[in-house]
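Undergrad: Quick note, the sequences are listed as chains A and B, same order. When we follow the UniProt record's numbering, the leftmost residue of the first sequence carries the number 1, and every step to the right adds one. When we follow the UniProt record's numbering, the leftmost residue of the second sequence carries the number 1, and every step to the right adds one.
Hint data in this document are derived by calculation from the structure and do not stem from the laboratory. One or more hints might be untrue.
[Claimed, not checked] Among chain B residues calculated to face chain A with C-beta under 7 Å, some are:
no.	residue
1	I48
2	I53
3	Y57
4	V61
5	P73
6	A77
7	R80
8	F81
9	E152
Quick reminder that beta carbons are idealized off the backbone N, C-alpha and C, glycines included.
Number of protein chains: 2
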Amino acid sequence: MRVRIALEEKGVHYEYTEQDLRNKSHLLLQMNPVYKKVPVLIHNGKPICESLIAAEYVDEVWKNKSRLLSPHPYKRAQSRFWADFADKKVYRSGRKTEMEKGEEKEAAKNDFIESLKLLEGELGDEPYFEGDKLGYVDVALIPFYGWFHGYETFGNFSIVEECPKLIAWCKRCMQKESVSKSLADP
Amino acid sequence: MRVRIALEEKGVHYEYTEQDLRNKSHLLLQMNPVYKKVPVLIHNGKPICESLIAAEYVDEVWKNKSRLLSPHPYKRAQSRFWADFADKKVYRSGRKTEMEKGEEKEAAKNDFIESLKLLEGELGDEPYFEGDKLGYVDVALIPFYGWFHGYETFGNFSIVEECPKLIAWCKRCMQKESVSKSLADP
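Make the full structure from the sequences, and use the hints.
TA: Structure (structure tokens):
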């Protein structure tokens with residue numbers, strides 16, 4: 001989803017192919033021999049694996065279009081930090097909220113909410129993480145919105161009650177066609 | 001160690017302060033409130049956390065010196081992929097080789113060796129991962145060399161027997177003062 005949003009933001013035409021992860025294609029195994037995972041962006045016949053790396057690649061190749069990452073080194077580092085945080089904290093605690101039971105589920109839920117609150121603090125009163133337009137952290141984080149319903153259902157809690165500003169940001173992002181057409185149906 | 005090597009490669013003067021991780025300083029907690037971890041690079045009074053992000057920041061700020069990352073988007077993406085691989089695979093399996101017991105230790109050891117062999121394949125016959133000079137993947141990976149003796153001792157295996165070319169690369173890196181003065185004594 002991240003890679004698709006990035007490509008859409010740049011107005012790049014691409015072909016999207018889903019994978020049967022129980023019966024991985026020869027192409028996937030050939031293009032991502034290390035992790036054998038989706039997504040893989042294939043450009044000029046060459047693979048770019050790992051979604052954050054592929055999104056940054058898209059930003060660098062089509063650099064004349066609106067930039068996902070700021071040109072300023074400090075802002076770039078901050079954006080990479082929060083995108084990485086999404087992978088390290090939001091992904092893991094969200095998944096555990098769905099998969100674990102008992103005390104571990106509760107601990108995961110607390111971690112998950114704490115992570116979202118940190119992100120909400122980082123967003124502040126800006127419309128997007130990069131300021132007035134959709135950028136790298138937005139691209140990194142918004143795909144999780146498609147899983148919120150699952151987290152809430154399995155975790156028995158309400159994200160909008162905990163993080164109303166973050167949910168407002170989700171809805172703002174969803175108004176962008178680049179996002180709404182790329183996200184999976186919850 | 002990564003950040004120090006990057007700073008040394010750029011010829012940047014810096015002050016290095018160690019932390020007592022059982023009694024973290026106010027400065028550390030203030031500069032890295034999210035993870036409360038080292039390293040933190042503080043530049044112009046502002047923190048950059050997470051070692052790979054800080055190394056890339058150093059590369060972008062002091063960009064007139066020899067570049068750690070190639071200017072070519074595809075090469076940059078590949079370098080980021082392998083640096084991330086070092087964090088995801090080498091770090092975790094190496095640590096488990098030291099910490100786990102029995103079957104889990106054996107599995108971790110196999111993962112660790114497999115990871116190093118993948119890296120050795122990526123290195124190929126080049127002197128460094130970026131080609132003829134030390135670059136981003138080298139900076140990301142070489143600090144693990146300081147832990148090899150520990151992995152070998154706890155895991156009861158020989159890395160040089162498994163990956164002779166990678167060990168030759170380690171020794172090549174250690175001939176650089178930027179590396180040898182930054183790595184911890186095994």
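Undergrad: For the hint on Y57 of chain B, does the least C-beta distance to chain A fall short of 7 Å?
TA: OK, holds: Y57 of chain B within 7 Å of chain A, min 4 Å.
Undergrad: Take the shortest C-beta to C-beta distance between F81 of chain B and chain A; is it under 7 Å?
TA: This interface hint holds because 6 Å falls under the 7 Å limit.
Undergrad: Less than 7 Å between beta-carbons is the criterion; does E152 of chain B satisfy it with respect to chain A?
TA: violated (24 Å)
Undergrad: Holds or violated: I48 of chain B as interface residue toward chain A, Cβ cutoff 7 Å?
TA: holds (5 Å)
Undergrad: Taking the least C-beta to C-beta distance, is P73 of chain B closer than 7 Å to chain A?
TA: Hint holds; P73 of chain B Cβ to chain A Cβ min 4 Å, cut 7 Å.
Undergrad: Given R80 of chain B was flagged as interface, is its beta-carbon under 7 Å from a beta-carbon of chain A?
TA: Since chain A brings a Cβ to about 5 Å from R80 of chain B, closer than 7 Å, the hint holds.
Undergrad: Checking hints one by one. Is V61 of chain B an interface residue toward chain A, by the C-beta closer than 7 Å rule?
TA: holds (5 Å)
Undergrad: So, A77 of chain B near chain A? Judge it on the closest CB pair being under 7 Å.
TA: Hint on A77 of chain B: holds, closest Cβ of chain A at ~4 Å, below 7 Å.
Undergrad: At a threshold of 7 Å, is the proposed contact between I53 of chain B and chain A supported by beta-carbon distances?
TA: Holds, because the Cβ-Cβ distance from I53 of chain B to chain A comes to roughly 5 Å (cut-off 7 Å).
Figure legend: structure checked against the earlier numbered hints; the only hint not met is number 9.
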